[in-house]
Structures are given as structure tokens and as C-alpha cells.
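Engineer: In this text, residue positions in the sequence shown follow our numbering: the first is 1, and each later residue adds one.
Think of the hints as simulated: they come from the structure by calculation, not from any bench.
There may be inaccurate statements among the hints.
What follows is a set of in silico ranges between Cβ atoms, one per label pair, in the way DEER data are often shown [unchecked claim]:
hint, residue 1, residue 2, range
1, A144, P27, 15 to 21 Å
2, D194, R45, 39 to 45 Å
3, P27, S95, 36 to 42 Å
Please read all numbers here as calculations on a predicted model, not as lab measurements.
Just so you know, even glycine gets a beta-carbon here, dropped at the ideal spot from N, CA and C.
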Amino acid sequence: MDSAALADELLAAWDGAGLIEPPSARPGGLTLAQAFEVGDVLRQRRIARGDTPRGYKIGFTNRTIWPRYGVFAPIWAPVWRSTVTMLEGTEATASLAGLVQPRLEPEIVFGFAHSPNAGMDQQELVACLDWVAHGFEIVHTHFADWRFAAPDTVADFALHGRLYVGPRVAVARFGRLGDELAGLGLTLGRDGVDVDAGRGTNVLDGPLNALRLWLQAMQEHSPRWQVRAGDVVTTGTITDAWPMSPGRVWQSRPDHAALHGLTLHTVP
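Given only the sequences and the hints, what does the whole structure look like? Please build it.
Structural biologist: Next comes the structure, spelled out in C-alpha cells:
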């Protein structure tokens with residue numbers, strides 16, 4: 001497996017909104033270690049093109065959807081200045097141009113004031129945080145019909161497309177952050193009709209715990225990637241991931257008083 005060649009193929013698929021054959025289905029396949037090598041090459045390629053890392057996304061933290069996609073452990077990859085939108089209000093318009101088979105995920109997003117370390121407990125992690133927000137991640141894949149193996153998803157930008165981060169809430173507004181986010185309930189609506197609901201515990205027993213577990217996994221699998229002060233990290237979908245098309249209006253209603261619901265209008 002040629003990491004650089006596969007990275008270039010995936011970057012061309014990103015640029016052209018095209019489909020490619022999953023690397024795991026090709027002769028020789030693709031291992032998880034190789035997939036992270038591809039991810040590192042992609043990171044270097046995107047920086048060389050002038051983009052700036054803005055933080056990370058963690059995917060497949062929601063155990064309830066693992067059997068549907070055949071992926072049974074978290075994945076991750078950088079997010080970018082070109083793909084992250086920090087909202088000033090609670091409403092946004094998202095163009096689906098350039099996205100391949102997009103789906104919507106309501107998530108909890110963290111902003112960092114200090115760099116965390118692997119092995120920190122939840123209380124130590126909270127001391128590294130600046131803010132918490134609710135956000136929408138649009139995920140997409142360059143593999144037809146959302147059929148892939150876990151290493152494919154790692155190589156394919158961890159399926160990241162766009163991230164819309166809602167109003168940021170200071171960590172000091174929360175009492176017991178881990179417990180409150182684990183107990184969070186969230187309802188997802190489309191065009192004014194509720195279509196799904198989930199709880200924070202779906203995300204590896206809570207978004208803060210997902211963050212803790214991810215830092216440990218990242219040290220093992222992608223140690224060259226570090227979380228820096230100012231980074232954002234989105235922790236995975238609380239509900240299922242819902243197919244998107246232009247002309248729809250998506251709404252979210254988190255039941256925590258400090259977190260704002262969002263409205264997202266989709267256009268071509």
C-alpha cells in the first residue's frame with residue numbers, strides 16, 4: 001500500500017466530489033496502521049495547500065450505530081479552518097456542494113484553553129477546557145452506499161465534511177460537566193417534524209468520557225497529532241446520522257438549559 005498515492009487519490013476524490021473503491025477491498029487490503037499513515041499524509045498535503053488545522057473530529061463514538069456501519073471503535077482526523085464554521089447565533093445555511101452522500105450528526109463540541117495529555121481523568125480534562133457547545137457535523141464518504149471497513153473510514157478524512165459550532169458556553173457554567181453531558185437528551189427534527197432522539201450516554205458513556213478515551217487511543221495510533229490550546233474537538237453523534245438533501249431545514253433541541261438548539265438550512 002502506497003500511502004502517498006492513496007492520499008492523493010482521496011484528495012482528488014475530495015476535490016471532485018467523487019467515489020473511489022474502498023482500499024480494504026483492493027488486493028492487499030488496508031490496515032488501521034496504514035490508514036493513519038494515509039491520514040498523516042493527507043494532513044501534510046492540506047497544510048501545503050494552505051489550509052490550517054482547527055482541531056479534530058472523533059467519529060463512531062455512538063455504540064448504537066456500530067452494527068449498522070460495521071465499525072466498532074472510534075475513528076478520528078483533523079478538522080480545518082476551511083471546514084469549521086463558528087456560529088455567532090443559532091441558525092446557519094449549509095451548502096452541500098462538494099459533499100458526497102452527506103449525513104447530519106448532532107454533537108457536543110469542546111474548545112481547549114490548554115493542551116491535554118493522555119491518561120488525564122475527567123476532572124483534569126475539564127481544567128483544560130475553555131468552552132462547550134452543541135454543533136452539527138456533516139459527514140460524508142467517498143465510498144459508494146456508505147459501505148466500507150474501519151480502516152477505510154480513517155483514511156477517508158474520518159468521514160469529516162463540515163462542522164458548524166453553535167454558541168460557546170463557558171465551562172464554569174456547568175456544575176458536574178461529565179455527568180451533565182452524559183445525561184443530556186437531544187431531539188433532532190427535519191422540516192418541523194421530530195425524526196430522532198438520543199442521549200449523551202450514547203457517546204461512549206458521555207462526551208467527556210469519549211474525549212478521555214480518544215486521547216489515549218490517539219497517543220497509541222497517531223502520536224504525531226496533538227491537541228493544542230485553541231483547538232476544537234467534536235465528539236461524535238448523539239443520534240443516528242441522517243441523510244441530507246438540499247431544501248431541508250434541520251433543528252436540534254438539547255434539553256440542557258445552557259446549550260442552544262440549532263437550525264440548519266441546506267442548499268445545493
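Engineer: Now tell me, hint by hint, if it's right for this structure.
Structural biologist: Tested hints:
| no. | hint | result |
| --- | --- | --- |
| 1 | A144 with P27: 15 to 21 Å | 19 Å, holds |
| 2 | D194 with R45: 39 to 45 Å | 41 Å, holds |
| 3 | P27 with S95: 36 to 42 Å | 37 Å, holds |
Violated hints for the displayed structure: none, as all numbered hints are satisfied.
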